[in-house]
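Heads up: the sequence shown begins at 1 in my numbering, then just goes up one per residue.
It is worth saying that the hints were derived from the structure and are not from the lab. None of the values given here were measured: they were computed from a predicted structure. Some hints could be false.
Per label pair, the in silico range of CB-to-CB distance [unchecked claim]:
| id | residue 1 | residue 2 | range |
| --- | --- | --- | --- |
| 1 | Gln8 | Gly114 | 32 to 40 Å |
| 2 | Pro16 | Val64 | 13 to 21 Å |
| 3 | Thr98 | Met30 | 15 to 23 Å |
| 4 | Glu61 | Pro11 | 32 to 40 Å |
| 5 | Asp137 | Ala33 | 19 to 27 Å |
| 6 | Gly88 | Asp137 | 18 to 26 Å |
| 7 | Asp28 | Leu78 | 25 to 33 Å |
| 8 | Tyr96 | Ala27 | 14 to 22 Å |
Ideal placement from N, C-alpha and C gives every residue a C-beta, glycine not left out.
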Amino acid sequence: MSEIPLGQAPPETVLPEPPPEAEQALADAMSAAEVQAALASVAGRWPRYLAAWAALSEQSEDPVTAYAFARTGYHRGLDALRAAGWRGSGYVRWRYPTNRGFLRSLDALRRRAGELGEVEEEERCALFLRQLDPDWDRAEHP
Numbered sequence: 001m002s003e004i005p006l007g008q009a010p011p012e013t014v015l016p017e018p019p020p021e022a023e024q025a026l027a028d029a030m031s032a033a034e035v036q037a038a039l040a041s042v043a044g045r046w047p048r049y050l051a052a053w054a055a056l057s058e059q060s061e062d063p064v065t066a067y068a069f070a071r072t073g074y075h076r077g078l079d080a081l082r083a084a085g086w087r088g089s090g091y092v093r094w095r096y097p098t099n100r101g102f103l104r105s106l107d108a109l110r111r112r113a114g115e116l117g118e119v120e121e122e123e124r125c126a127l128f129l130r131q132l133d134p135d136w137d138r139a140e141h142p
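Make a model of the complete structure from these sequences and hints.
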């Protein structure tokens, strides 16, 4: 992240609302008999819907597959942040529900990297989370 001039508060970026039908489809998928397949359907229909990628990673039992889902959500999230005006610095806080899909994807990437023994990636993601939201360690998140 780039440096913020002294005396200036870092900007905050809030991602736009996802389509309501995507949110409903995700809620339905979480209670489906075949959760993973239902989540994959949601991500396939709305590939920019970050919460779907985060949920796929969180629900996956295979660490490599879960890592891939998390990485997809993370990179899709960076694209979304840039489109929302983020320029590589400033806050992306958990307190804004629309940011949570990205932050969950980044946190899933951190966890899954650790499971795969990618310690540097795990540490980089943990630092990035705290840079994006200084309250990350105290935030209520899954």
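Q) Given a hinted range of 25 to 33 Å, is it respected by the beta-carbon distance of Asp28 and Leu78? A) holds (28 Å)
Q) Does 32 to 40 Å hold as the CB distance between Gln8 and Gly114, or does it fail? A) holds (35 Å)
(Q) Can you tell me whether the CB distance of Gly88 to Asp137 sits inside 18 to 26 Å? (A) holds (22 Å)
Q: Note whether the CB distance of Tyr96 and Ala27 lies within 14 to 22 Å or breaks it.
A: For Ala27 against Tyr96, whose Cβ atoms are near 19 Å apart, the range 14 to 22 Å holds.
Q) Could one say that the CB atoms of Asp137 and Ala33 fall in the range 19 to 27 Å? A) violated (36 Å)
Q. Should the hint that Pro16 and Val64 are 13 to 21 Å apart at their CB atoms be regarded as holding?
A. violated (31 Å)
Q: Given the hint of 15 to 23 Å, check if Thr98 and Met30 actually sit that far apart at their C-beta atoms.
A: Once the Cβ atoms are compared, 18 Å apart, the range 15 to 23 Å for Met30 and Thr98 holds.
Q. Is 32 to 40 Å right for how far apart the beta carbons of Glu61 and Pro11 are?
A. holds (39 Å)
In this structure, the earlier hints numbered 2, 5 are contradicted, and the remaining ones agree with it.
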